[in-house]
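My request is simple: use the sequences and hints to build the entire structure.
Going line by line, the protein sequences match chains B and Y.
Read in this note's numbering, the first sequence has 146 at position 146, and its numbers run on one by one without any break.
Read in this note's numbering, the second sequence has 208 at position 208, and its numbers run on one by one without any break.
It is worth saying that the hints were derived from the structure and are not from the lab.
Check each hint, because a few of them may be wrong.
No copy labels: a pair is met if it fits in one copy or bridges any two.
[Unchecked claim] Here are the simulated DSS-like pairs of lysine-lysine, each with C-alpha atoms no more than 27 Å apart in a straight line:
(1) K198 with K84
(2) K5 with K84
(3) K89 with K198
These figures come from a predicted structure and were not determined experimentally.
Number of protein chains: 2
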Amino acid sequence: MNERKLILVCNDDGITAPGIRNLIEVVEEFGEVVVVAPDKPQSAMGHAITINSTLRIHPHREGNRREFACSGTPVDCIKLAVNKLLDRKPDLIVSGINHGSNASINVIYSGTMSAAMEGALEGIPSIGFSLTDHSIDADFSASREYVRKIVEHVLRDGIPQGVCLNVNIPNVSTEMIRGIKVCRQARANWEEEFDERKDPSGKPYYWLTGVFRNYDDGDDTDIRALENNYVSVVPCEVDLTAHHAIERYKHWENVP
Amino acid sequence: MNERKLILVCNDDGITAPGIRNLIEVVEEFGEVVVVAPDKPQSAMGHAITINSTLRIHPHREGNRREFACSGTPVDCIKLAVNKLLDRKPDLIVSGINHGSNASINVIYSGTMSAAMEGALEGIPSIGFSLTDHSIDADFSASREYVRKIVEHVLRDGIPQGVCLNVNIPNVSTEMIRGIKVCRQARANWEEEFDERKDPSGKPYYWLTGVFRNYDDGDDTDIRALENNYVSVVPCEVDLTAHHAIERYKHWENVP
Chain B
1 MNERKLILVC NDDGITAPGI RNLIEVVEEF GEVVVVAPDK PQSAMGHAIT
51 INSTLRIHPH REGNRREFAC SGTPVDCIKL AVNKLLDRKP DLIVSGINHG
101 SNASINVIYS GTMSAAMEGA LEGIPSIGFS LTDHSIDADF SASREYVRKI
151 VEHVLRDGIP QGVCLNVNIP NVSTEMIRGI KVCRQARANW EEEFDERKDP
201 SGKPYYWLTG VFRNYDDGDD TDIRALENNY VSVVPCEVDL TAHHAIERYK
251 HWENVP
Chain Y
1 MNERKLILVC NDDGITAPGI RNLIEVVEEF GEVVVVAPDK PQSAMGHAIT
51 INSTLRIHPH REGNRREFAC SGTPVDCIKL AVNKLLDRKP DLIVSGINHG
101 SNASINVIYS GTMSAAMEGA LEGIPSIGFS LTDHSIDADF SASREYVRKI
151 VEHVLRDGIP QGVCLNVNIP NVSTEMIRGI KVCRQARANW EEEFDERKDP
201 SGKPYYWLTG VFRNYDDGDD TDIRALENNY VSVVPCEVDL TAHHAIERYK
251 HWENVP
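In structure tokens form, the structure reads like this:
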């Protein structure tokens, strides 16, 4: 078996975003790349899937590789790629490079990370990459270097079944980055405000706005790593059980 | 302070679904109810939020209570309710009763549970309720009894900060239910297949279909509880960190 590695690439900013273009260029060094990504921005779609309507796939022409633009969410893209479009299971799934941080609580809202988590659920080593800069003109040069390093590490060391990696890269020059920190997700939240406006006929509508609040002063969090110019790596898995809280409610079992 | 409890009700099947109507009737016994729920079905929307378009709210006239139909996702509903529509923080958020199971891995796709998790992120005791029957004509009589019991328990015992409860009710008569089991989320997955069809002009489109596969033979899981006709209660929190996997990658920190 000397088959080339098969690498599936996805994101949530859409198939034409600079972040995914940079990611594709780097991971092509490691094997054969197939791209299945949303045909439009799908940020903040979380783990949404399309069950009440249909999905479309269109070939996307860019370079010589197989690329498909999908009408669905990032999780739809992974499900379609793995179960319909690819003739064998990919060796690796990479998602991103997201334009904007997916550290801490952002992981649960992120389409980019949901694609990686869906990969993990399918039993495929999966990594989500994000740069902490929302700009369309973001500078991905440091990100490219750390994508390369981390893909090398993962192909060598593997990822446990059901686990994926959430990698965030601070928005500084390559020289400023101090290395990698393996972290836990910081406890944080978005404090929301809704901007209420009136439409031309005088009826109200709302825009979601918010401010990120970190409530976690631990030294071992992804937010702390990024603040100190480290690339943060958080191993993630889709077990939402609050194991520490199970005992607290066991006495409910005794009530008839 | 003898103020009546303020209870916020949400779901993902939409504000007119029988499940939410049953839930409202039960929780009105415990305090003042405000309903903020999607104006259309939003199943499987996961933790999606609306950031690239606007949100609308319309008063929904049903009974004498305050009800609002929202154009967004279940998580949007919670954010809007807590940060804009309500003049004080609710004492309790209940979401559901979902038409269909949200046990095991379904929790990550579920809009109903995402609403409850968003409540937990806002620091409000939150519970998601689901009946393991997708039918619009589902029989909610056993569910009503267990909603009542569990709301009583929660108002007495509280929920730790950041935790919410995922409650699933087996689709059997009240007499058949053997009680409550406090569980962990079973390791399971959906094995997907895509049904490929042709539109009238001959172009392909896809429907997502899938079969639920439980890979977990533990005695302490929600799936096991439901199979044995228990109501399953899983305490959940939004920490996706795979804590057990952190040590495995620590040596990456030593690579320059």
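Quick rundown of the hints versus the structure:
Within a single copy, K198 and K84 get their C-alpha atoms only as close as 45 Å, which misses the 27 Å cut-off; across copies the closest is 15 Å, which meets it. Within a single copy, K5 and K84 get their C-alpha atoms as close as 19 Å, which meets the 27 Å cut-off; across copies the closest is 50 Å, which misses it. Taking identical chains as interchangeable, the C-alpha atoms of K89 and K198 lie at most 27 Å apart only when they sit on different chains, with a minimum of 26 Å there against 50 Å within one chain.
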